[in-house]
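K.L.:
Residue numbers (this note's numbering), protein chains in the order written: chain A, 1 to 96; chain B, 97 to 480; chain C, 481 to 775.
It should be emphasised that the hints constitute simulated quantities derived from the structure, not laboratory data. Cβ atoms here follow ideal geometry from the backbone N, Cα and C, with glycine treated the same way. It is possible that some hints are incorrect.
Computed list of lysine-lysine pairs in DSS-like fashion (alpha-carbon distance at most 27 Å, straight line) [claimed, not checked]:
no.: 1; chain 1: B; residue 1: 364; chain 2: B; residue 2: 425
no.: 2; chain 1: C; residue 1: 678; chain 2: A; residue 2: 42
no.: 3; chain 1: B; residue 1: 312; chain 2: B; residue 2: 364
no.: 4; chain 1: C; residue 1: 572; chain 2: C; residue 2: 669
no.: 5; chain 1: C; residue 1: 572; chain 2: C; residue 2: 678
no.: 6; chain 1: B; residue 1: 297; chain 2: C; residue 2: 669
no.: 7; chain 1: B; residue 1: 312; chain 2: C; residue 2: 572
no.: 8; chain 1: A; residue 1: 65; chain 2: A; residue 2: 42
no.: 9; chain 1: B; residue 1: 424; chain 2: B; residue 2: 364
Residues of chain A clear of chain C, computed beta-carbon distances all greater than 10 Å [claimed, not checked]:
no.: 10; residue: 8
no.: 11; residue: 9
no.: 12; residue: 13
no.: 13; residue: 15
no.: 14; residue: 16
no.: 15; residue: 17
no.: 16; residue: 25
no.: 17; residue: 27
no.: 18; residue: 29
no.: 19; residue: 38
no.: 20; residue: 43
no.: 21; residue: 49
no.: 22; residue: 51
no.: 23; residue: 60
no.: 24; residue: 81
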Amino acid sequence: MPAVRSARVPLDTARVILPRGQVHVIPHRCKECRFCVDFCPKDVLALSTETNAKGYRYPVVAPGKDEACVHCEFCTLVCPEYAIFTVEVPRVEVMA
Amino acid sequence: MKGEPAVLTGQHFLLGDHACAEGALAAGCRFFGGYPITPSTEVAEWLARRLPEVGGIFVQMEDELASMAAIVGASVAGARAMTATSGPGFSLMMENLGLAAMMEVPCVVVNVQRGGPSTGLPTLVGQADVMQARWGSHGDYEIVAYSPASPQECFDLTVKAFNTADHFRIPVLVMADEVVAHMMERVTIPPAEAIPRVERKRPRQGPGGNGFLPFKADDDLIPPMVHAGEGYRIHFTGLTHDERGYPAITAPAHDRLVRRLVDKVRQKAWEIVEYEEYRLEDVSVVIIAYGSTARSARRAVGLAREQGIAAGLLRPITLWPFPGERVKKLAERVRAFVVPELNLGQISREVERFTSLPVLGVNHAGGAMMPPEPILEAIREVAG
Amino acid sequence: MTMSTLIAERHPSDPLFRADRLPHIWCPGCGIGPAMHAYAQAMVESGIPLARHVCVSGIGCTGRVPGYLNMDSYHTTHGRAIPFAMAIALVKPELEVTVYSGDGDLFAIGGNHFIHAARRNVDINVICINNFNYGMTGGQVGPTTPMGARATTAPFGNYEQPFNLPHLAAATGAVFVARWTSLHLRQLKQAMLRAMKKRGFTFIEVLAPCPVGFGRPNDIGDAMEEMTLYREGCVVDPAAPLDSLDIDLRVKDRPIVLGNFVDVERPVFDPLAMMRPTSEAENNTAVAGKTQEGQ
């Protein structure tokens, strides 16, 4: 259930390296349904301040969330417009 | 597979409906989707036994809407496909007949006409679907409709229907009637290699290339046909579409497409049109009759000639396109036309479009074969 | 090092779509888009080459799905996708044929074809986007509209009882029956993969928001609100009795039951079955012994 997130902490949390993702957006396809913004489990996204040509605000990475995407790809799946996707950032880069 | 070969070469004594079925098999039809309806049911029954014998697929569908959809589906997958029906089923098929016209999918529909409207006369003859054959589905389109007058023609014209359908990528109709479909006569089936076969035009380039346009027509206005599963990633839609097959909902796109669908048949109408002429050399009164009624008309010609009237018969074998040019030509040297048909005046209107001479209809709403006598009476009337 | 947001021109899934036709015609928040993406991904993961997948649809918003997929696709007449698809599957049994259409198309105008294809156990997949109304024509009442819900042709509320689609599909003979939503996309994709693997008539219902046609007249503020209903109101219960699967999004605290409800074997429709050697025919009959209780 969404109200309570991660009430229990897995035992191997310290050992697991979470993948990290880079958000890519195709602004002109977006119709501002907000699915990606509201369903992102890490609250990475926010709506842009400017609009696309059709007057829709599109998703952007929220301030301070540059490192927060874990490349779960739910935004990629749920976007009705195929306007957002994430690319996994290679681990070496993450470690660095 | 057990059973007899696809082409039953030889002499047979066949029912018209069975001859249609054998014509389909000889033409290479390997899919039949249909629904039982008098007086066409014997086509389905015959194919239910014969198609599996030659590895073909027979499916008795849940209704005629599904039957017509199924044969269009079978055809896009590459099969020669057919259905057979009568008036009430023909009405239901109009929907997907239009789809076949719009998607340019070849298929064959046999309509064994009975008396209408509605349930009408299930077991008795009629010829009142001939205008529905031409105009029955909504929108502008062209089809070809053959009218057999004997079991032999049921065979021959069904073979021809498949070839015409594949050549033009259109639905083709075999507009039989109950009398022709339920009469038994000698039918000669030629050797397999003598059965004419016109193949569908197929794409010249293989899949995978750039810029393949599945609905781009050649000079003959016919695009090559791609089948499902060949790797071209084609899109077929009943919506108005462009050469890519993509929906194109604009007036210019619609005019371009519909004009081509119509013109690809109209510009070749002279090649498609067929008719039989009987004693027209010295004629003054021309009977125009088709299907079972043409058989009575032939007798009426004989009776009229015995009475000294130079009567003759023009028998359209294609109802659509109609042999109007031939009517026009004959009109230059005759007094009048007599058009007997088992409806209250359908083809007679078409004749009137091509002549200003008197056109006398001899009409009966259906239920029994047209006798020669009323035709003779009409001949005497116009002969003066 | 990640950067805030990168602007892209293309999507990694674009090769699966006719990307030159995007953006599509569907309204903001329409649930068809995610469900179509799940299908595209399932095709790739199915191991069946894309050239052997065929998608067939009828008419309506969902009927436009095949036109956006970069594959052999047929957009047929209203309600008739199933018999059209059946014939393709019979003529070319090597093809994986999927009908992708809406609730009105499949269950009102096309209802007769659905039940007969299920009864025959035709080897096709049917994916139904259920958005509880006729969307393309502007929000009319349909065969899945809940009783009491408003529609442009039910201005005082719908007075007809709707279909329970999984129950209908199972009762008429489908060998695989599932229901997911346009939010439960991973489960939906898995169900599609199962359907593609299975021979016979499979059915997947996908609940999807139609914020304009169904949401607006029924006090569901927007697509986000309907998706939130899915997130909070759905329970996964594959063992739920099929006759308990009715849905009414407007009734608070009434769970929407999701799951893969039926996965059984029955003889697959084969018009040439009786022409095949006896041993094969016997095998086919043996399979018939299993019942749907097995799940």
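K.L.:
Which earlier hints turn out false for this structure, listed by number in ascending order?
P.N.:
The structure conflicts with hints 2, 6, 16, 17, 18, 19, 23 and 24, although it agrees with all the remaining ones.
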